[in-house]
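Asker: Chain by chain, the residues run as shown.
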Amino acid sequence: MARQDTGLWRVLNGPQELGRGRVFWCLFAFVALGLLAYPAVGSVFALSNLANFCLYVPLGLGLALLWGYNGVLSFGQGAFFAIAGYVYGIIAGNLTEMPAGTLLAAIGGIAASIAVAGAFGYFVFYGQVSNWIIPLLLLVLSLILETFMAQTAGYQWRVGSVLLGGYNGMTSVPSLEIGPADFGGASIAFYYLVIAVMLIAYLGLRLLVNSHYGHVVTGIRDDVERTRMLGYNVARIQIQVFVLAAALAGLSGILYVSWGNYINPSSMGLLAATLPVIWTAVGGRSSLLAVLLSTVTLRWLADTLAVKGGEYAFLIMGILLLVTMLFFPAGIVVTLARRFSSRKRVLGKLKERGAG
Amino acid sequence: MTIRGPAETDGVLALRVKDLTKSFGGIRAVDHLNLTLTQGELRCLIGPNGAGKSTLFGLISGLHRPDAGHILFKGEDITNLQPFQRVRKGLCQKFQTTRIYRALTVAQNLLIAGGARRLSRTKNGRLSWAINTLGLDSESEVPSGELSHSQQQWLEICLALATEPDLLLLDEPTAGMTPEETELTAQFVINLNRQGLTVLVVEHDMAFVRYIAQRVTVLHYGRILRRGASTKSSRIMRCAVSIWESVES
Numbered sequence: 001m002a003r004q005d006t007g008l009w010r011v012l013n014g015p016q017e018l019g020r021g022r023v024f025w026c027l028f029a030f031v032a033l034g035l036l037a038y039p040a041v042g043s044v045f046a047l048s049n050l051a052n053f054c055l056y057v058p059l060g061l062g063l064a065l066l067w068g069y070n071g072v073l074s075f076g077q078g079a080f081f082a083i084a085g086y087v088y089g090i091i092a093g094n095l096t097e098m099p100a101g102t103l104l105a106a107i108g109g110i111a112a113s114i115a116v117a118g119a120f121g122y123f124v125f126y127g128q129v130s131n132w133i134i135p136l137l138l139l140v141l142s143l144i145l146e147t148f149m150a151q152t153a154g155y156q157w158r159v160g161s162v163l164l165g166g167y168n169g170m171t172s173v174p175s176l177e178i179g180p181a182d183f184g185g186a187s188i189a190f191y192y193l194v195i196a197v198m199l200i201a202y203l204g205l206r207l208l209v210n211s212h213y214g215h216v217v218t219g220i221r222d223d224v225e226r227t228r229m230l231g232y233n234v235a236r237i238q239i240q241v242f243v244l245a246a247a248l249a250g251l252s253g254i255l256y257v258s259w260g261n262y263i264n265p266s267s268m269g270l271l272a273a274t275l276p277v278i279w280t281a282v283g284g285r286s287s288l289l290a291v292l293l294s295t296v297t298l299r300w301l302a303d304t305l306a307v308k309g310g311e312y313a314f315l316i317m318g319i320l321l322l323v324t325m326l327f328f329p330a331g332i333v334v335t336l337a338r339r340f341s342s343r344k345r346v347l348g349k350l351k352e353r354g355a356g
Numbered sequence: 001m002t003i004r005g006p007a008e009t010d011g012v013l014a015l016r017v018k019d020l021t022k023s024f025g026g027i028r029a030v031d032h033l034n035l036t037l038t039q040g041e042l043r044c045l046i047g048p049n050g051a052g053k054s055t056l057f058g059l060i061s062g063l064h065r066p067d068a069g070h071i072l073f074k075g076e077d078i079t080n081l082q083p084f085q086r087v088r089k090g091l092c093q094k095f096q097t098t099r100i101y102r103a104l105t106v107a108q109n110l111l112i113a114g115g116a117r118r119l120s121r122t123k124n125g126r127l128s129w130a131i132n133t134l135g136l137d138s139e140s141e142v143p144s145g146e147l148s149h150s151q152q153q154w155l156e157i158c159l160a161l162a163t164e165p166d167l168l169l170l171d172e173p174t175a176g177m178t179p180e181e182t183e184l185t186a187q188f189v190i191n192l193n194r195q196g197l198t199v200l201v202v203e204h205d206m207a208f209v210r211y212i213a214q215r216v217t218v219l220h221y222g223r224i225l226r227r228g229a230s231t232k233s234s235r236i237m238r239c240a241v242s243i244w245e246s247v248e249s
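Top to bottom, those sequences are chains A and B.
If you count by the numbering used here, then the first sequence holds residues 1 to 356, one letter each, in order.
If you count by the numbering used here, then the second sequence holds residues 1 to 249, one letter each, in order.
In case anyone wonders, no lab produced these hints; they're calculated from the structure.
Hints should not be assumed to be uniformly reliable.
[Stated by the list, open to error] What follows is a set of in silico ranges between Cβ atoms, one per label pair, in the way DEER data are often shown: (1) B:190 <-> A:31: 53 to 61 Å; (2) B:67 <-> A:130: 40 to 48 Å; (3) B:80 <-> A:166: 49 to 57 Å.
[Unchecked claim] Each computed SDA-like pair below joins lysine to any residue, with the alpha-carbon atoms no more than 20 Å apart: (4) B:74 <-> B:12; (5) A:349 <-> B:143; (6) B:18 <-> B:54; (7) A:349 <-> B:146; (8) B:89 <-> A:233; (9) A:344 <-> B:142; (10) A:349 <-> B:142; (11) A:308 <-> A:48; (12) B:18 <-> B:80; (13) B:89 <-> A:235; (14) B:18 <-> B:35; (15) A:344 <-> A:25; (16) A:344 <-> A:19; (17) B:89 <-> A:225; (18) B:74 <-> B:13; (19) A:308 <-> A:52; (20) B:89 <-> A:236; (21) B:89 <-> B:16; (22) B:89 <-> B:64; (23) A:349 <-> B:141; (24) A:344 <-> B:143; (25) A:349 <-> B:138; (26) A:351 <-> A:339; (27) A:349 <-> B:139; (28) A:344 <-> B:141.
[What the hints assert, rightly or not] Chain B is faced by these chain A residues, among others (derived, beta-carbon under 8 Å): (29) 15; (30) 212; (31) 215; (32) 216; (33) 231.
Glycine residues also receive a C-beta, built at the ideal position from the N, C-alpha and C atoms.
With the hints as extra help, turn the sequences into a complete structure.
Answerer: In C-alpha cells:
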C-alpha cells in the first residue's frame, strides 16, 4: 500500500500532481538546465525580466496549495507579499551598516507575514468560519492595509531612518546581500537566486502534497467532517497550510523589493489581490505545475501587454479568466494534461488488445 | 416507559451514556438517555425515523454537544472532547450518508485514514483483513467515487477501521444494499465483533438486525423503549416490529 512508499522519489512522483512519466522528468530537467544556462546567452535586461516573472512563482504555488489542495480561496496573498516587502524594507533600510542586515530583514519580513497569517488563521479556522467568507475577509484585510499605507506620506511616518512614503511607496530599499553576493535586480546572482527558489519551492511542495500530510490536506478540502472524524485536528492543519502559503507569498515579496528596490501600497490593492487568483485559476489550481507555468506565462503576458497595450492589459486578463471559467473550469493546463493522459490510456488499452 | 434490563454492569464497560439530553428547537431528539455497552459487545440500535438514533451517534462521536448528561468511554469522561480527540481515544464512526473522498483513489483514502493516531508502525491486521474480505484489495487504484454504492459503504467502514478503533459506530451500514450484500456485510460485522471489537449499529433493515445482533435497544422519541436479546421470537423483536408497522402505516 501507499503508506509503505517512503522512498523520496516515490513520494515526489505521487498521484497528487501532474507529470509523472519519464517524458515529463526529461522535459523538466531540460528546462531547468536551460534556465541555468540562459545567462550565457541572454542579455542582462532579459535576465532581469525573466527573474521578475519567476519571482511570483512561490506566491502562486502557495495559493495553489491553499486553494487547489486545501480548498481555501484567498484574496490575501498580495497582502502577505506586501507585508513582507514593507517589513523587509524597514529592517534593511535601518541596518545598512550591518553585514547580514538584509538577510535579517528577509527573515523579519517573512516572519511578519507568518505572524499576521497565523493570527488571522487562528480566529478564522478555529472559529470555523465558512469557506466562502474567508476570501472576503482577506480582501478586506488587504484593502485596509492598502488604505492605511496609502496615508503614510510625510516625515511623521517613518520607522528609524526609513520613510514609509504613503502612496508614492518606499523607495531605495537595499537589495538582498548574502556574504559577498549582491542580489540586485539586474544581476546574474539575483537571476540564479530566483530560479533556485522557484525550483526548490516547486519540488518541495510537490513532496509535501504527495506525502501523508499532503493527502490529509486534500482530505480536508474534499470533506472537512470526514477528516475530523478520522482523528485529525482540522483547524490546526488549515492554519499550518495558510501560514505556509503566506510565507511563500512573503518570500515573493522580498524577492520583489530586492529586484526593484521599491514597493508601494498598490502591491496589496485590489489588483494585487485578484491577479494571483487569476494565475492559479487559469493554469488549474489542482496542480502545482500548472500554476507554476501559468504564473510565469501570465506575468510575461501582462508585462508585454502593458508595454504594448497600456491599460487594456488588465481587461485582457479579465477576459482570459472568463474564458477559462467557461471552457476550462479545471484550468487550461490541467484540462489539456488530463485529455492527453486519457488519450494515452485509451491508446495503451488498444495496443494491449491488439497485442493480445 | 423505560424497562431496566438485567446484567447491565457485567464485564468491562466500553461506553456509558448517562442522562444524555439534546434538543433541536423545541424537540428533544435525545431525552435523558442512559445506555451502556460492555467491551466486545455487538449492539443494534433500532427505532423509527426521528427516534434520535443519528443524534445519539452524533453526540457520542462529538459532532453534537449535549445539553445535559455525560458520555464515558472506557471509564473516561469524553463529554467535552473534540471529535478528533475522541477518534484518537479509539472511537470511530461511519456516517449515515457515505462519506469518503470520492476524487481520490481507494489507496489514497486509506492512506489518509491511517495515521492520525500514530499508534504503531506495525501493520493494522484487522484493516488488511477487512480490505481483503470486502474485496477492496483489487480496487486500490480506482477513484473511490467510481466504486459501486455498496463498495463505497464498505470503504467507509475500512476508513473507520484504519483509525484502529476500540468502539466502532456504524450508522446504517447496509442502506441501499442488495440482500446478498446485506448478508455479506452482516457476516463481516459479526466477524469484526468476534475479533474483539465493540460495535454499535444503527440500522433500519430488520433482516440485518435479526442476523447480527446479540442485543437490541429500541429507541423511540429520544428514549429507550425496550432492550433485550434478538431472537426471532423474542418480545423485543415483536415490539420493534410493531413499532415499525405503526410508523410505516
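Asker: Evaluate each hint against the coordinates.
Answerer: Hints, one by one, checked against the model:
1. About 58 Å separates the C-beta atoms of residue 190 of chain B and residue 31 of chain A, a value consistent with the hinted range of 53 to 61 Å.
2. At roughly 25 Å, the beta carbons of residue 67 of chain B and residue 130 of chain A sit outside the given window of 40 to 48 Å.
3. At about 51 Å, the beta-carbon gap between residue 80 of chain B and residue 166 of chain A stays in the expected band of 49 to 57 Å.
4. Note on residue 74 of chain B and residue 12 of chain B: the hinted pairing holds, with a Cα-Cα distance of about 8 Å set against a maximum of 20 Å.
5. Restraint check: the Cα-Cα separation between residue 349 of chain A and residue 143 of chain B comes to about 18 Å, which is no more than 20 Å; the hinted pair holds.
6. A threshold of 20 Å between alpha carbons decides the hint, and for residue 18 of chain B with residue 54 of chain B the separation of about 17 Å falls inside it, so the pair holds.
7. Of the pairs offered as hints, the one joining residue 349 of chain A and residue 146 of chain B holds, with about 19 Å between alpha carbons and a cut-off of 20 Å not exceeded.
8. Of the pairs offered as hints, the one joining residue 89 of chain B and residue 233 of chain A holds, with about 13 Å between alpha carbons and a cut-off of 20 Å not exceeded.
9. With a C-alpha separation of about 18 Å, the suggested pairing of residue 344 of chain A with residue 142 of chain B holds against the 20 Å cut-off.
10. About 16 Å separates the Cα atoms of residue 349 of chain A and residue 142 of chain B, which keeps this hinted pair within 20 Å; it holds.
11. For a cut-off of 20 Å, the pair hint linking residue 308 of chain A to residue 48 of chain A stands: about 19 Å separates their Cα positions.
12. The straight-line distance between the Cα atoms of residue 18 of chain B and residue 80 of chain B is roughly 14 Å, inside the 20 Å bound, and the hint therefore holds.
13. A hinted pair counts as satisfied when its Cα atoms are at most 20 Å apart, and residue 89 of chain B with residue 235 of chain A qualifies at roughly 19 Å.
14. Taken as a hint, the residue 18 of chain B and residue 35 of chain B pair is honoured in the structure, with Cα atoms around 7 Å apart against an allowance of 20 Å.
15. For the hint linking residue 344 of chain A to residue 25 of chain A, the alpha-carbon distance of about 17 Å falls within 20 Å, and the restraint holds.
16. For the hint linking residue 344 of chain A to residue 19 of chain A, the alpha-carbon distance of about 13 Å falls within 20 Å, and the restraint holds.
17. Among the hinted pairs, residue 89 of chain B with residue 225 of chain A is consistent with the structure: their alpha-carbon atoms are about 18 Å apart, no more than 20 Å.
18. For the proposed pair residue 74 of chain B and residue 13 of chain B, the alpha carbon gap of about 6 Å is at most 20 Å, so the pair holds.
19. Of the supplied pair hints, the one linking residue 308 of chain A and residue 52 of chain A holds, its CA atoms being roughly 18 Å apart against a limit of 20 Å.
20. Restraint check: the Cα-Cα separation between residue 89 of chain B and residue 236 of chain A comes to about 19 Å, which is no more than 20 Å; the hinted pair holds.
21. Distance check on the hinted pair: residue 89 of chain B and residue 16 of chain B sit about 15 Å apart at the alpha-carbon level, within 20 Å; holds.
22. Proposed proximity of residue 89 of chain B and residue 64 of chain B is supported: the alpha carbons are some 18 Å apart, at most 20 Å.
23. Under the criterion of a C-alpha separation no larger than 20 Å, the hint pairing residue 349 of chain A with residue 141 of chain B is consistent with the structure, at around 16 Å.
24. A hinted pair counts as satisfied when its Cα atoms are at most 20 Å apart, and residue 344 of chain A with residue 143 of chain B qualifies at roughly 18 Å.
25. Restraint check: the Cα-Cα separation between residue 349 of chain A and residue 138 of chain B comes to about 19 Å, which is no more than 20 Å; the hinted pair holds.
26. Under the criterion of a C-alpha separation no larger than 20 Å, the hint pairing residue 351 of chain A with residue 339 of chain A is consistent with the structure, at around 18 Å.
27. Of the pairs offered as hints, the one joining residue 349 of chain A and residue 139 of chain B holds, with about 18 Å between alpha carbons and a cut-off of 20 Å not exceeded.
28. A C-alpha spacing of about 17 Å is found between residue 344 of chain A and residue 141 of chain B, which places the hinted pair at or below 20 Å, so the restraint holds.
29. Taking 8 Å as the C-beta contact cut-off toward chain B, the hint placing residue 15 of chain A at the interface holds, the least distance being around 7 Å.
30. The criterion of a C-beta within 8 Å of any C-beta in chain B is met by residue 212 of chain A, whose closest approach is roughly 5 Å, and the hint holds.
31. Because the closest C-beta pair between residue 215 of chain A and chain B is about 5 Å apart, less than 8 Å, the hint holds.
32. Interface hint status for residue 216 of chain A: upheld, as the beta-carbon distance to the closest one in chain B is roughly 5 Å, under 8 Å.
33. Because the beta carbon of residue 231 of chain A sits about 3 Å from the nearest beta carbon in chain B, less than 8 Å, this interface hint is met.
Figure legend: structure checked against the earlier numbered hints; the only hint not met is number 2.
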